[in-house]
Amino acid sequence: MIEISRQTLEKAASGDLDAFEEIYKAASGFVYTLALRVTRDAFSAQEVTQDVFLKVYQSLKNFAFRSSFKTWLFRIAVNMAISSCRKRKRDRKYQQPLDEQKVASSLDSDPAQKAYHLDNEQKLDDALKPLNPDQRACLVMREIQGLSYQEIALSLAIPINTVRSRLKRARLILIKGDDSK
Amino acid sequence: MNCSKIQELLLTDYRDGFVFKEIGIKVESHLKNCKNCRDFTVKMNSAIDILKQAGSVEPEKEVWITLKEKIIAQELNKNSLLLTFKNWVFLFWENLKTIRKPVLAYGISFILVLALIGFWQKDIFRQKQYALNEDYTQFYSELDDIAQTDYDFGTAIEEMLF
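From first to last, the protein sequence lines are chains A and B.
For what it's worth, this note's numbering labels the leading residue of the first sequence as 18, then goes sequentially.
For what it's worth, this note's numbering labels the leading residue of the second sequence as 196, then goes sequentially.
No wet-lab data here; the hints were simulated from the structure.
Virtual Cβ for every residue (Gly too), placed ideally from N, Cα, C.
Some hints here could point you the wrong way.
Cβ-Cβ distance ranges computed for the label pairs, FRET-style [unchecked claim]: (1) LYS193(A) with ASP211(B): 49 to 59 Å; (2) LEU271(B) with PHE82(A): 23 to 33 Å; (3) ALA132(A) with LEU286(B): 16 to 26 Å; (4) LYS200(B) with LEU135(A): 53 to 63 Å; (5) GLU270(B) with ALA81(A): 42 to 52 Å; (6) ARG103(A) with LYS247(B): 43 to 53 Å; (7) CYS229(B) with LEU71(A): 48 to 58 Å; (8) ILE306(B) with GLU27(A): 30 to 40 Å.
Heads up, simulated EDC-like pairs for lysine to aspartate or glutamate below, C-alpha to C-alpha not over 16 Å straight-line [stated by the list, open to error]: (9) LYS265(B) with GLU64(A); (10) LYS193(A) with ASP234(B); (11) LYS247(B) with ASP142(A); (12) LYS140(A) with GLU203(B); (13) LYS263(B) with ASP143(A); (14) LYS247(B) with ASP68(A); (15) LYS185(A) with GLU329(B); (16) LYS265(B) with ASP151(A); (17) LYS263(B) with ASP68(A); (18) LYS193(A) with GLU203(B); (19) LYS265(B) with ASP68(A); (20) LYS42(A) with GLU270(B); (21) LYS256(B) with GLU38(A); (22) LYS263(B) with ASP142(A); (23) LYS263(B) with GLU64(A); (24) LYS106(A) with ASP136(A); (25) LYS247(B) with GLU39(A); (26) LYS72(A) with GLU270(B).
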């Protein structure tokens, strides 16, 4: 995630939509990726991304800069992604197969690359399927965003040892899933 | 360190680079001599590589467009009460301007006359109330005067009764 200056945050907090767009551009990739991997559904991920940034826009004026903006944003994103995942689990009829979903990618213009990309997405979706939403969130934050255990612990409001054990279990499940193919 | 301990480190701290140098050296020397743990590392890397290769995904442009619309709608909704009042005043003023001047003058005069009559009537009612109160006061004071005089029955019949 690109660093966002305090000045930009303050401008956005006072209702400057251009400054808020800057924040969105810097952080939307992370939020969307996290939501996509946790919910395993592109439409839900888009909804979560919108809800997260709407919440950020509403709450930014109350953000006191006591914690880092990054951690604050990650916490909102993780909570919303996990709660959307649980809500969707209760209402499975909205889930659609992956090939019908639009997974945004810069490679999608070329049909061959699009097919390769979709194949990879399917593999990744199969690998993430046996994990629970908390484990998926930890794995994405560590493997894609490169967050430290402490940053993950702060974002999820859990102890560092819980982060460690979730990552361990998630990786073990991934290895076992890979073994069974 | 046995394989179980090494594999636990491989799954967490060693893989993530959060181990002390000495422990790192021990893990590496174990890996040199243990094929089982080397295979475990290869399997783990290939399983996690799928996730790493997918990397960060950007949302579609429509997400921002919809979000922006939601924010604007929310801001408008917040100010809607104020806006409704402003619009009402504006519309009233605009409608007032469309009325022909003589009609408007007659209208305003009529409203003023009505207001004056209302005010005058209110004044008359107040005066009547004051006069009535005065009458009552006089009546009660007369009663008091009668009560304070020496007891007098006034008629022969009353004298006979008492």
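Checked hints:
Distance hint check: the CB atoms of LYS193(A) and ASP211(B) are about 20 Å apart, inconsistent with the given range 49 to 59 Å. Roughly 29 Å separates the CB atoms of LEU271(B) and PHE82(A), a value that falls within the hinted 23 to 33 Å. Taking 16 to 26 Å as the suggested C-beta distance range, the pair ALA132(A) and LEU286(B) does not conform, at roughly 59 Å. Checked against the hint of 53 to 63 Å, the pair LYS200(B) and LEU135(A) fails, with Cβ atoms roughly 40 Å apart.
Taking the beta carbon of each, GLU270(B) and ALA81(A) are about 23 Å apart, not inside 42 to 52 Å as hinted. As the Cβ distance of ARG103(A) to LYS247(B) is approximately 27 Å, the hint placing it in 43 to 53 Å is violated. A hinted range of 48 to 58 Å for the beta carbons of CYS229(B) and LEU71(A) is consistent with their spacing of about 52 Å. A hinted range of 30 to 40 Å for the beta carbons of ILE306(B) and GLU27(A) is inconsistent with their spacing of about 52 Å.
Straight-line distance between C-alpha atoms of LYS265(B) and GLU64(A) comes to about 12 Å, which keeps the hinted pair within the 16 Å bound. Our distance criterion of 16 Å between C-alpha atoms is met by LYS193(A) and ASP234(B), whose separation comes to about 13 Å. At most 16 Å may separate the alpha-carbon atoms for a hinted pair to count; LYS247(B) and ASP142(A) meet this at roughly 13 Å. In summary, the hint linking LYS140(A) to GLU203(B) is not supported, as the alpha carbons are separated by about 25 Å, beyond the 16 Å threshold.
Between the alpha carbons of LYS263(B) and ASP143(A) the distance comes to roughly 34 Å, so the proposed pair goes past 16 Å and is violated. Pair hint LYS247(B) plus ASP68(A) does not hold up; C-alpha atoms about 26 Å apart against a cutoff of 16 Å. A hinted pair counts as satisfied when its Cα atoms are at most 16 Å apart, and LYS185(A) with GLU329(B) does not qualify at roughly 99 Å. Between LYS265(B) and ASP151(A) the CA atoms are separated by roughly 29 Å; this puts the pair beyond 16 Å, and the hint is violated.
Only pairs whose Cα atoms come within 16 Å are accepted, and LYS263(B) paired with ASP68(A) is accepted, the gap being roughly 12 Å. Under the criterion of a C-alpha separation no larger than 16 Å, the hint pairing LYS193(A) with GLU203(B) is consistent with the structure, at around 15 Å. Of the pairs offered as hints, the one joining LYS265(B) and ASP68(A) holds, with about 10 Å between alpha carbons and a cut-off of 16 Å not exceeded. Distance restraint check for LYS42(A) and GLU270(B): the Cα-Cα separation of roughly 21 Å exceeds the 16 Å cut-off, and the hinted pair is therefore not satisfied.
Proximity of LYS256(B) to GLU38(A) is assessed by CA-CA distance (about 12 Å); at most 16 Å being required, the pair is judged to hold. Pair hint LYS263(B) plus ASP142(A) does not hold up; C-alpha atoms about 30 Å apart against a cutoff of 16 Å. The straight-line distance between the Cα atoms of LYS263(B) and GLU64(A) is roughly 13 Å, inside the 16 Å bound, and the hint therefore holds. Note on LYS106(A) and ASP136(A): the hinted pairing is violated, with a Cα-Cα distance of about 24 Å set against a maximum of 16 Å.
The hinted pair formed by LYS247(B) and GLU39(A) fails the criterion: a straight-line CA distance of about 26 Å is larger than 16 Å. Under the criterion of a C-alpha separation no larger than 16 Å, the hint pairing LYS72(A) with GLU270(B) is consistent with the structure, at around 13 Å.
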